[in-house]
Structures are given as C-alpha cells and as structure tokens.
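Student: As a plain string of letters, each chain reads:
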Amino acid sequence: MIKYIVRQALSWLVRIFFAVNLTYFVASGFLNPASNYAGRFPPVQPAQIQQILKPYNLSTDDPLLLRWWRWLTGIILHWNWGYSPTGDFVNGQIGYRAGISAQLMLIATILAFAIGIALGLYQASHQYKVGDRIWQVVSIIGLNTSIIVVALVVVFAAIQLNQAMGFRVFYVTGAASPGISGFLPVLADKVQHLILPTICLIFITFPSYAMLQRSLLLDNISADYVRTARAKGLRLPVAIRRHALRTSMIPVMVSLAFSIPGIFTGAVLTESIFAWNGMGNYLVSTIGNNDINGATAVAAFAALMTAIGAVLSDIFVVWLDPRVRVS
Amino acid sequence: MSDITVTPASTNQDAPVTTVASSRHHSRMGLYRRRFARNIPADVGLGIFVLLVLAALFGGRLTHWSYTDIDFLALTTPPSADHWFGTDRTGLDVYAMTMHGLGRSMIIAVTVSLLTLIIASFLGALAAYLGHASEKIILGIVNFLLVCPIFLLEALVAAKTGGNWIWLIAVLTVFGWMGMCRVIWQLSTSIRERDFISAARYMGIGGPVVVFRHMIPNIGSLMVVEFTLGIVGTVMSETGLSFLGFGIKVPDVSLGSLLTSGQTMLYTAPWAFFFPAGALLLLTVSVALIGDGLRDALDPNSAAGGRA
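For the record, the sequence lines run as chains G and E. Its first residue numbered 555, the first sequence is counted upward by one per residue in my numbering. Its first residue numbered 4, the second sequence is counted upward by one per residue in my numbering.
Hints listed in this document are in silico derivations from the structure and should not be mistaken for laboratory results. As the structure is a computational prediction, the values presented were derived from the model and not from experiment. Hints should not be assumed to be uniformly reliable.
Stated by the list, open to error - Straight line, CA to CA, 20 Å or less: simulated SDA-like cross-link-like pairs of lysine to any residue:
hint : chain 1 : residue 1 : chain 2 : residue 2
1    : E       : Lys163    : G       : Tyr591
2    : E       : Lys139    : E       : Phe125
3    : G       : Lys557    : G       : Phe870
4    : E       : Lys163    : G       : Phe579
5    : G       : Lys744    : G       : Ala712
6    : E       : Lys163    : G       : Ser839
Okay, chain E solo, but in the shape it has when bound:
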C-alpha cells in the first residue's frame, strides 16, 4: 500500500499537466470559483449580467442623446443610425432611456437587496439565537406581515413620496425583508444547537456578538444566494410599482416606467416596448441564473458538489 502512495508534495512537482493533483490544493474560494465556472447556465448569466452592468454604466455615453433630450424632428421613428433603439412619440431616444432606466432599476434592486439582507439576517439569526418567547414574537410578526397585502402598502406609501428613487429604496426595504428573514431563521436554527455556539454562550459572550461573529458567518454562503435572489424580487416589485405610476416618475426613468410608455405605443412603436422589456428580461433571468449557480457552488449538499 505504502509503496504506491504518492505524496501530494511529490505530485506537485509535475503538477502543470495533471489537473487531478492541482485540484487538491485549491483554497476554498478557488473551489467555489471552479464549481461555479463548471455550471454553464450560471456562466451565461454572469456574462449577461456583466454586460448589462457595463451598459448601464457606460452605455449612455455611447450616444450623444441624453434620456431627457427631445428630438422634435424624429417622433416615433423606428431604430436607425442616429437613434439606435428608435424614438417614442414625444421624440425621446429609447436607447438612452433604456440604458438610464436599466441603471436606475439595478441600483435600486442591489441597494434594497443588501439592506433587506442586513435586516433579515440580523432579525432571523437573533430569533433563532434567543429562542423561546422572543423567537415566537419575531416569527409571529414576520408571518403576519407575509400575509399582509405588501404590494398595496408599498404602493400606498411610494405613491405619496413623489417618485424619488431614494424614497423608493426605503419603501421597498421596509416592506421587503420578511421572506428573507424566514429563510435565514430556518438556516440559523440548524446552527444554534452546534457546540461552538454553546461554547460562546458559556464563555459569557453577549447575544448580538454571538449572532454577528458566530452565527451569520456560518450561514454566509447561503446569504449570498438569498441576496442574489432578492435582487430579482426587488426588480419585479420596483418595475411593478413604477409601471402603475407609483414608483419612479418623470423626469426620472426606470425600466418599469419605460414599460408604461411602451404599452401605450405597443402597435405604433413596438420598439419602445420591446427594447426595455428585453433589458428587463435579461436582467432578471441572468441574476436568477447566477443565484442558482451560486447555490450549487456554495451548498455542500448540492448535487453539483463532490467533484472539485
């Protein structure tokens, strides 16, 4: 037995050719990266998402039209060399508006998802850590809010805060953390019985510190997945509110408000609908594919695991 065993060190000498040997020395991050890269749909999603981010950041500078410029000489014109995605009936450039709206929807979604993740992970982990009556109270509030007509409440508040995107972020955060909180709580309950939590408790470490230093880092990988899927949900809520006229309002533009104007020109100027709709579709589907890929890469029980 011992004479056929090759020590890792000696294999490493001629490592460049043998992939098996090189894979033994991956850091944890390297392992995650490889498992993610092996997942083709996730790679496609990541590629599309990076392109969308670049488009949102720099796409608007490629044309000399800004999203507020009105071209009185080109009302409802189809896509052309001057107006890449055509113009709508007021002469606004659809390309410039789509790029700006994409950026607006993205920044709202990422910020809201991040803020809700912070609230949800703190409350969820705290509920699991405290247990007993406090857990029941927090879960009771969460379950109650989950059955409330959240969209209606969001619409009520967002409609009266005047179309400012910072306010919209606040509204979506306040009403958006409950679903994530339940998931985080479920994950945390599986951790709270572990020895290192008891050890920390018996050493006299306070509740918030245990939650932040010991519980949250241990569910961190799954929180990344929740964060990604939260982006999809937020994009949907934001575009829904903006579409009905409760979210982003003129002169500002988001993908949702673009769809509202696209709807009124569906037959006369289909391009004013199909380009923003395509951007929205690519955004939500690519983020969802990344989320699924991350889940498979980070989850130790996932079917994709085992082979690095």
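Isolated chain G (complex conformation):
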C-alpha cells in the first residue's frame, strides 16, 4: 500500500517536471524580457539591455537550450528559481505568496469536497423531495456561474453589510491586516479576510462533487449488496452510510485530482478580485513584466498543488477501495 502511494507520488513528480519545463519553453517563446527596458529614458541600447539581462540568465545572446540548462541546474542543485528582468529574486517572491495561495486553495478544496459529499448523500436519500430540488438548482447555478460574478457579488454584498452594521465585519481586500499581534486577534483577523474568498471558491467547486456523488449513490442504493444489508436488518440510512456511500465515494475522490487546475484558475481570479498578494496576483504581474522565471515558478506551484490533490485522493482511494490494497 505504501509502495503504491510512493509509486503514484513519483509518477506525479515526473509529470510536474515535464509540465514545468513545457512552461519554461512556452514562456521563453512568448515573453520578451528586453521589452521591459524598451521605453526607458534615456534610451538603452539593445546590446546594453542584453548586458543587463545576462546575469539574470535572460539574455537572448545565449541560445535557449543553454539558458534552459542553467535554469534547470540552478533549481536542482541550488534551489534557485532565477531572477526577474529587473533583478528580483524569484525565491523571495514565491516563498511568501505560495503559503497564502496554498492555504486558500487547500481550505476551499477540502471544505468543498466535504460539503459536496454530504449534500450528495442528503440529496440521494431524499430524491425528488423539495430539499433535493432546491440543491439541484443551487448546484446548477454554482457550477455554471463564473467565479468573477460570484466574487464581485459577494464583495458588493459584504460592503453593504459592513455599511449596514457600521463596522468592518468582513474585509474585501488583502489577506491580513498589518500591525496585529496576539494569537486571538490574529486568528480573528485571518478569518475575517479568508472567509469571503473561500466561500466564493467553495460555491463554484462543491456542485460538481455533489452532483457526481448524488448520481453514483442513486445507482448504488438499488444495488444487491445494499438490499442484502437491509435484509439483514440495517435501517436504510445506516445501510447507505456504511455500504453504498463507501463504494460511490471512490470515483468522486478520483475526480478531485482533475479538479485542482480549475480551482487554481478560480484562485487566480479570486485573488485578483480580493487583492490578495498570492500566486494568482504574482502570475498576472509576471506576465505583465515579461518575467519568464517567475511565470514558470507559478506553473511549478500549480502543478505541485495538482500533485498534492492527486496524492491525497490516491491515499483516500487506497483507504476506501480494498481492491487497490490487494494488488
């Protein structure tokens, strides 16, 4: 079992490696660091620009493959993710931001997953009742609404609420307030900042889990083994929870891995709307600043998040599915 998990994790490492390298080449092809110095006054000569870029491993005087090799060995040997065209160290930028974004994405994913499973269970055991219908409508709207619309409506509502209450219940910008100390005040401040973006991400993420869980559970409730469990004297809710839920959760777990890139996209847009200084905002600024190394580091972060989600879902599948444990 541990061997299985390790093997999965290793294959994810290989995929991350290729994904990051692909991004490096795409970024090198489309971003032009020299253009950052183009509009300067007094004008900088093209040769001079290349001289400035040379120490950052961004000069086009060096062939692309040489730059790629330096970049790759820099990361593997020294954990050096390179420099921006203006000389900012990428490691310094991502160290702080990665934590903020990872926190937002992981909390939202785990909560959305738990809510989705619970709602799917509720809807399947109350099929076609009023509660099921209402949640189906909510799910369809949540699944098909752009995160931009959700987040901006939430911001608008929060501002209205803050004005109505006369003090700040929720913050709509930033990840934390400066100059707060003490455990409880910091925690409260964090919650006040985190709650709105998390709600937005959950709202667009939970419906896919809930809908999948509901339809799988409906298939399994009528299966023979559930009827057997009922015949042996288990009440229906217990039979569903102990027998049908377990089998029908496996495909939902598998779908978790493939939903992380979508959550990353959602997090980029959410961070941009709530003005968080996370990886999403960094992505927008790196592309604007022609920062090849920075954009690639964001790709590495996104791929790592996908891998973590996938390995987590693998661990749950092993726990749920006896067939995996045997082979």
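Chain G is fixed; fit chain E onto it per the hints.
Tutor: Below, chain E without anything else, positioned relative to chain G:
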C-alpha cells in the same frame, strides 16, 4: 388475442385525437424533439439562449449609441431612457457594450467549442480505434496536458497576441481539447468492440475512414452534448482571461473585459457591473440547461427515456 389487436394503420385513420397512436410514427428527430420539449428547464434554457442570440445580433441596433461612442454629457449616469443600462465613468453606453460583448463572447465560445470538438473527436476516436501503443501515447499526452496549468499557458500566449479575438480563439482551441478528448475516447472504446467495426476492418477500410464514417456517427448524439457543455467552459475561460486583461482588449469589448471595468465602479456605478454580469450568468446557465436537456433527450439510458 388477435381480435383485440388494432393495427397501427387502422389506428392512424383517427389519429388526430389519440396522442398514443400518433407517437408511434415519430422519426428519430421527432422523438428527440419531444423528449427535449418535455424537459421544462431545458425549454427555459433554450428560450433564454434564443433571446440572448437575438439580443447579440440585433440588440445593438435598437439604440443609437455604439459600443465605442463616448457621451461626455453623461458620465456615470444610472439607467435612463437615453442610456438603457446607464453609462460608465468614461461615458460609454453600458447597453451597447453589453450587447456587443455578449456577441463577442458567444462567437468565441461557439467557434472554440466546435474546433475543440473536431480535434477531440478525431484524436479520441483514433486512440480508441488504434489501441495498443498509439492509444497509450495519445492518452499519455492528454493526461499530461490535463494536469498542466492550462490557464497559465493560455494567459501567457494570449497576453502576447494583442487582444485580437481571432487569436484568442486559436489559443483557447489549442489548450482546450483535452478534457473532451478523454470523454470521446471513453465513449469510443465501448463502440470499437462492436461487430460493424470489425466488419469494416476486415473489409480493408482504412483507419481514418472507419473513425469518420463508423465510429464518430455512433457517438454523435453524445458529442452534441459535449459541444454544448464545451461552450460553457469556453465562456468561463474567455471571460477569465479577458477579466485579467489577457484576452479581449480595448477598443474591443467582451463580457469579461466589461466585468473588469465594472469591478472598478462596483459602488459608484453598480449598473456597469450588474448588467454584464447578468448577461454572463444567463448565457452560461441557459447553455448548461440546454446541454442537460440534450443529454436526457439523446441518451438511450437516461431516466427521461422510455416514454416518447
């Protein structure tokens, strides 16, 4: 037994009153249409979508403002008789911009969804047909691309192609076909073992012909569903890119770029946000409802089937 059996032909004589008898003679298309029409949410979705298409095509002509006209006498004015959806802070007419942006987002979404469907169905069906190593290679590429940060790559490429919507279509197509390809491959694997495929193979018909003439038509109904749901996904990607400033750029307008300017005026001019946001919401939800309705109407195993 035989004396109480009524032949279809004789029932058909007085068919106009009996719906049961008339339903026996539906063509396949007629059957699909009836099953779709019975699904109320799908009908609502179709109604809204038709209205949105009409609005995108002709809505802009109902007002004398164009989406690039600046009214210096009306900056940040609320909805009025002259400016139906109000104006933003530069004096642009929100109604004209919303109608134009709606059309822009729609044409991008439909084109991209169509192109990705073509790529995805060809590669997906080909992988299923070829099997063995080729299938593994195609699926390996698809699975690898599915875990890549696609949005980041799209943003990278789209940002440097200058806000032209034709380029945006190309970018979204190149990075958008993988999910659909997996679905089509899954559907095709269930067909490849069928006798008519083996028959075609033993008659010496080449791979591409088998894929196009025999496999794709048999999963056609489900591809229609995939196409519809692809529209929703593309609208989301396009508005996301445009919102961050990587997609459609001024002077052109899409629903995504309208939301960007709406965000900056959320409190001073809420109408500049709520009208484009409403249009976007109606567009994605109506298309999704149509997709679900089509799935129920076309899928022989669906719960809605059985009773024509």
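Student: Does each hint hold? Answer for all of them.
Tutor: Verification of the hints:
Note on Lys163/E and Tyr591/G: the hinted pairing holds, with a Cα-Cα distance of about 17 Å set against a maximum of 20 Å. Between Lys139/E and Phe125/E the CA atoms are separated by roughly 16 Å; this keeps the pair inside 20 Å, and the hint holds. Pair hint Lys557/G plus Phe870/G holds up; C-alpha atoms about 15 Å apart against a cutoff of 20 Å. Among the hinted pairs, Lys163/E with Phe579/G is consistent with the structure: their alpha-carbon atoms are about 15 Å apart, no more than 20 Å.
Restraint check for Lys744/G and Ala712/G: satisfied, since their Cα atoms lie roughly 16 Å apart, inside the 20 Å limit. Between Lys163/E and Ser839/G the CA atoms are separated by roughly 14 Å; this keeps the pair inside 20 Å, and the hint holds.
Violated hints: none; the structure is consistent with every hint.
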